[in-house]
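Enquirer: Assemble the complex: chain A is given as a structure, and chain B must be docked to it using the hints.
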Amino acid sequence: MFNVVDPSEPNVASYLPALHVRKEVKTELPVKAQPVAMKKKYDPGAWITEMSLIRDHKDQSAFAELFQYFAPRVKAFLMRSGADATLAEECTQEVMATLWHKAHLFDPSRASVATWIFTIARNRKIDALRKQRRPEPEDLEWGPEQEPDQEDVLSLQQESEQLGRAIAALPAKQRELIEKAYFGDLSHSEIAEQTGLPLGTIKSRIRLALDRLRHAMK
Amino acid sequence: MSNVKHHLTDSLLMAYSAGTLPEAFNLIVAAHVSMCDECRARLASFDSVGGALMEDTQTVPMAESSFAETMRLINSGAVSDMIKPATAERGKSVLPAPLQEYVGGDLDKVKWRSIGMGVRQAILPTSRQASARLLYIPAGTAVPDHGHRGMELTLVLQGAFVDETDRFGPGDIEIADESLNHTPIADIGADCICLAATDARLRFNKLIPRIAQPFFRI
Numbered sequence: 001m002f003n004v005v006d007p008s009e010p011n012v013a014s015y016l017p018a019l020h021v022r023k024e025v026k027t028e029l030p031v032k033a034q035p036v037a038m039k040k041k042y043d044p045g046a047w048i049t050e051m052s053l054i055r056d057h058k059d060q061s062a063f064a065e066l067f068q069y070f071a072p073r074v075k076a077f078l079m080r081s082g083a084d085a086t087l088a089e090e091c092t093q094e095v096m097a098t099l100w101h102k103a104h105l106f107d108p109s110r111a112s113v114a115t116w117i118f119t120i121a122r123n124r125k126i127d128a129l130r131k132q133r134r135p136e137p138e139d140l141e142w143g144p145e146q147e148p149d150q151e152d153v154l155s156l157q158q159e160s161e162q163l164g165r166a167i168a169a170l171p172a173k174q175r176e177l178i179e180k181a182y183f184g185d186l187s188h189s190e191i192a193e194q195t196g197l198p199l200g201t202i203k204s205r206i207r208l209a210l211d212r213l214r215h216a217m218k
Numbered sequence: 001m002s003n004v005k006h007h008l009t010d011s012l013l014m015a016y017s018a019g020t021l022p023e024a025f026n027l028i029v030a031a032h033v034s035m036c037d038e039c040r041a042r043l044a045s046f047d048s049v050g051g052a053l054m055e056d057t058q059t060v061p062m063a064e065s066s067f068a069e070t071m072r073l074i075n076s077g078a079v080s081d082m083i084k085p086a087t088a089e090r091g092k093s094v095l096p097a098p099l100q101e102y103v104g105g106d107l108d109k110v111k112w113r114s115i116g117m118g119v120r121q122a123i124l125p126t127s128r129q130a131s132a133r134l135l136y137i138p139a140g141t142a143v144p145d146h147g148h149r150g151m152e153l154t155l156v157l158q159g160a161f162v163d164e165t166d167r168f169g170p171g172d173i174e175i176a177d178e179s180l181n182h183t184p185i186a187d188i189g190a191d192c193i194c195l196a197a198t199d200a201r202l203r204f205n206k207l208i209p210r211i212a213q214p215f216f217r218i
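Note that the protein sequences, when read in sequence, are chains A and B. Residue numbering for the first sequence is 1 to 218, as defined by this note's numbering. Residue numbering for the second sequence is 1 to 218, as defined by this note's numbering.
So that you can see chain A by itself, here it is in the shape it has in the complex (with noise of 0.2 Å):
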């Protein structure tokens, strides 16, 4: 997935706890009913299962478990790019609304269910927020309505997972000059201006940031 970095870095990723202990931040629910509540929701297998199920059977059941579930992060992600409440509320809606139209280009082998969502949240804010068009890569030719390979599926949610592991470990530092560059909709002059931080320093940071990153993929 990622190349290169230096091999004589320690591995980041081996000694970190599992995926679904990561916190959540900022929900409304009471602290104790989580880990429960948690534990049953992040499951990325259960969601590529929810998103047949909308493929072949229009199953709102399922798209109700995804909705639940991801529809707060892209309104969240919307807002921190700069949409009010009520726009963010809508273009989510709109999000949500695009991934049952499109579920059957949704391939396991490609992306995370998260991964997908995350990338017609973003190309919907383009959209809506800064009101341009957005260029998409030409589509690679498959063959004629191919089941992705078993195998490729569960290598692509392994590495998702590692990936989400590995960027819990992040430093703090690190951590926020990437989530500033991703969400922030601020390019790395305007990270400057926010943080007053040298432009040299963002990035070296978001350098260090993609290194570890590479680093935990190997």
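Keep in mind the hints are simulated off the structure, nothing from the lab. Bear in mind that the values here come from a model prediction, so they are computed numbers and not experimental data. Be aware that one or more of the hints could be misleading.
[As the list claims (entries may be wrong)] Below, in silico cross-link-like pairs of lysine to aspartate or glutamate (DMTMM-like), each with a Cα-Cα straight-line distance of 25 Å or less:
{"#": "1", "chain 1": "A", "residue 1": "K102", "chain 2": "B", "residue 2": "E101"}
{"#": "2", "chain 1": "B", "residue 1": "K5", "chain 2": "B", "residue 2": "D56"}
{"#": "3", "chain 1": "A", "residue 1": "K218", "chain 2": "B", "residue 2": "D10"}
{"#": "4", "chain 1": "A", "residue 1": "K218", "chain 2": "A", "residue 2": "D107"}
{"#": "5", "chain 1": "B", "residue 1": "K111", "chain 2": "B", "residue 2": "D199"}
{"#": "6", "chain 1": "A", "residue 1": "K218", "chain 2": "B", "residue 2": "D56"}
{"#": "7", "chain 1": "A", "residue 1": "K203", "chain 2": "B", "residue 2": "D199"}
{"#": "8", "chain 1": "A", "residue 1": "K102", "chain 2": "A", "residue 2": "E151"}
{"#": "9", "chain 1": "A", "residue 1": "K180", "chain 2": "A", "residue 2": "E136"}
{"#": "10", "chain 1": "A", "residue 1": "K173", "chain 2": "B", "residue 2": "D56"}
{"#": "11", "chain 1": "B", "residue 1": "K111", "chain 2": "A", "residue 2": "E151"}
{"#": "12", "chain 1": "B", "residue 1": "K111", "chain 2": "B", "residue 2": "D191"}
{"#": "13", "chain 1": "A", "residue 1": "K180", "chain 2": "A", "residue 2": "D211"}
{"#": "14", "chain 1": "A", "residue 1": "K203", "chain 2": "B", "residue 2": "E101"}
{"#": "15", "chain 1": "B", "residue 1": "K5", "chain 2": "A", "residue 2": "D139"}
{"#": "16", "chain 1": "B", "residue 1": "K109", "chain 2": "A", "residue 2": "E136"}
Expert: Just chain B now, with coordinates in the frame of chain A:
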């Protein structure tokens, strides 16, 4: 295309994935990725960082009625109209799909304008933060020696050009900033067609092209 030698940088791929680039740069990134499997794979990695971050950050509760609203949106069919069908047959055209959408077809649809010395250009309709244009440079012709105030990306679509730094063939992208003063010359073998995107006007080092600049919007 497997013999691409000059690739996108991490920061461009990340900004494309985050959706923070100006439209003209998004277009050239999408066009390069259409021609370069390596950058396509790297982009998928950056998208998965976005997916993992979206999953692991804040949530904002959705309005109570939002699931019902979304189902209503789905049933109204309003969103499915926004989903465009796949276009362009890969490998049969000079312009990759994202570019064809801006041109309205392949090369024969480009509305060229002469800018002297046999060089032709066509400005593409993007947001004004940055500009994108197609350049047609006859074999063996030089584009006037110029420097850059901002960043200029040049993607070769057909033929090749050579400058002080290297040779650039189909799929190759040159990333130039303030520090580069160069005189690109189209390879003698064939006429060269490029896509160029810049966030600042070019700075020509000879008087005549500079006077002409405002008229040609380059």
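Enquirer: Please go over all the hints and tell whether each is borne out by the structure.
Expert: Structure-based check of each hint:
1. Between K102 of chain A and E101 of chain B the alpha-carbon distance is near 20 Å, which keeps this suggested pair within the 25 Å criterion.
2. About 36 Å separates the Cα atoms of K5 of chain B and D56 of chain B, which puts this hinted pair outside 25 Å; it is violated.
3. Distance check on the hinted pair: K218 of chain A and D10 of chain B sit about 18 Å apart at the alpha-carbon level, within 25 Å; holds.
4. Distance restraint check for K218 of chain A and D107 of chain A: the Cα-Cα separation of roughly 23 Å lies within the 25 Å cut-off, and the hinted pair is therefore satisfied.
5. At roughly 22 Å between alpha-carbon atoms, K111 of chain B and D199 of chain B fall within 25 Å of each other, so this suggested pair holds.
6. Only pairs whose Cα atoms come within 25 Å are accepted, and K218 of chain A paired with D56 of chain B is accepted, the gap being roughly 21 Å.
7. Distance restraint check for K203 of chain A and D199 of chain B: the Cα-Cα separation of roughly 20 Å lies within the 25 Å cut-off, and the hinted pair is therefore satisfied.
8. With a C-alpha separation of about 23 Å, the suggested pairing of K102 of chain A with E151 of chain A holds against the 25 Å cut-off.
9. Taking the CA atoms of K180 of chain A and E136 of chain A, the gap is about 23 Å. The hint holds against a cut of 25 Å.
10. Annotation: proposed proximity of K173 of chain A to D56 of chain B holds, straight-line Cα distance about 16 Å (limit 25 Å).
11. For the suggested pair K111 of chain B and E151 of chain A, the alpha carbons sit about 48 Å apart, so the restraint of at most 25 Å is broken.
12. Only pairs whose Cα atoms come within 25 Å are accepted, and K111 of chain B paired with D191 of chain B is accepted, the gap being roughly 17 Å.
13. Straight-line distance between C-alpha atoms of K180 of chain A and D211 of chain A comes to about 18 Å, which keeps the hinted pair within the 25 Å bound.
14. At most 25 Å may separate the alpha-carbon atoms for a hinted pair to count; K203 of chain A and E101 of chain B exceed this at roughly 33 Å.
15. Pair hint K5 of chain B plus D139 of chain A holds up; C-alpha atoms about 21 Å apart against a cutoff of 25 Å.
16. Between K109 of chain B and E136 of chain A the CA atoms are separated by roughly 20 Å; this keeps the pair inside 25 Å, and the hint holds.
When the structure is compared with the earlier hints, violations turn up for hints 2, 11 and 14 and for no others.
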